[in-house]
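> Sequence positions in the sequence shown follow mature numbering (1 follows the signal peptide of the UniProt record, and there is no 0) and run -24 to -1, 1 to 238.
Don't take each hint at face value.
[What the hints assert, rightly or not] Now the in silico label distances, taken between C-beta atoms and shown as ranges:
(1) S198 <-> D10: 33 to 41 Å
(2) R161 <-> G57: 41 to 49 Å
(3) P159 <-> S203: 39 to 47 Å
(4) Q169 <-> A27: 34 to 42 Å
(5) V171 <-> G132: 15 to 23 Å
(6) S53 <-> R172: 39 to 47 Å
(7) N126 <-> Q223: 16 to 24 Å
(8) S86 <-> S226: 38 to 46 Å
(9) Q238 <-> S198: 39 to 47 Å
(10) G14 <-> T173: 35 to 43 Å
(11) G101 <-> G57: 26 to 34 Å
(12) Q238 <-> N126: 32 to 40 Å
(13) G57 <-> S177: 39 to 47 Å
Since the hints were made in silico from the structure, they are not lab data.
Note that beta-carbon positions come from the ideal geometry of N, C-alpha and C, so glycine has one too.
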Amino acid sequence: MSSVSRLAASAIAALCCLATPALAQSASFFDDFDTLNGQRWYVSDGWANGAHQNCTWSAGQVKTQDGRLKVGFAPSSGAGGRKYACGEIQTKTAFGYGTFEARLKTPAGSGLNAAFFTYIGPQQGKPHDELDFEILLKDTNHVETTSFVNGVSGDGQVGSGMSHQLPYASDSDFVNFAVTWTPGRLDYYINNQLVRTMTESYQVPNNAMRIFFSLWGTDTLSDWMGSFAPPSGPIAMDVDWVAFTAQGESCAFPQSVLCTLQ
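Using the sequences and the hints given, assemble the complete structure.
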């Protein structure tokens, strides 16, 4: 059901529709979240994405603290008719071929989804392309990967992403996730270990994409995410850092997966 992360981006509409560059060399960056760079990041606020989502995107659920990005989920007073507020953040720029990577730690909880993904779509005048890492917090020992090309899952159908065993539970410590996207090829990494390669044309996107982090819950997608178990209080996904390294560049910062590939 990885397309739900696409739904989590679909309400952006005209609120954040800066021009999307052509698929070409993009500027590399490394962000350690000492502060929240408003020139780089847009925070979703004030809407929900349909009946599948039991929370409203809230700017109050996205902040930097102690050198980390916190993307939260918490009980709400009912703004937008939802009982919970949740966090989502995206880059204002779309990025082409290169390596996308982040180091993050999640909470745990059935019915919740913590995602690091890229997306572009009709809201930006492009086909729906996407790359996903999604941790369904009912089981923090696994992560799901998939891609979308022109709105179609690279795994054949919605909900058929590949599940990977994590080296340890994502709520116990930080895990590094990376995907390298080059013409005709995707390589997915967990803690610098290659776990998946996709090379079919229907699996590899063709359009520059924005980088997203989100944490949200559901009351309806129990077959995929588990029955929703209300958290006892506010929870958050912690992101230590995120980076994009353009194709052709290597080992731009010490933590990069590219440093292990030289």
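> Compare the structure with each hint and give your call.
Verification of the supplied hints:
no., hint, verdict
1, S198 <-> D10: 33 to 41 Å, "holds (39 Å)"
2, R161 <-> G57: 41 to 49 Å, "holds (44 Å)"
3, P159 <-> S203: 39 to 47 Å, "holds (42 Å)"
4, Q169 <-> A27: 34 to 42 Å, "holds (38 Å)"
5, V171 <-> G132: 15 to 23 Å, "holds (19 Å)"
6, S53 <-> R172: 39 to 47 Å, "holds (42 Å)"
7, N126 <-> Q223: 16 to 24 Å, "holds (21 Å)"
8, S86 <-> S226: 38 to 46 Å, "holds (41 Å)"
9, Q238 <-> S198: 39 to 47 Å, "holds (45 Å)"
10, G14 <-> T173: 35 to 43 Å, "holds (36 Å)"
11, G101 <-> G57: 26 to 34 Å, "holds (30 Å)"
12, Q238 <-> N126: 32 to 40 Å, "holds (34 Å)"
13, G57 <-> S177: 39 to 47 Å, "holds (42 Å)"
Violated hints for the displayed structure: none, as all numbered hints are satisfied.
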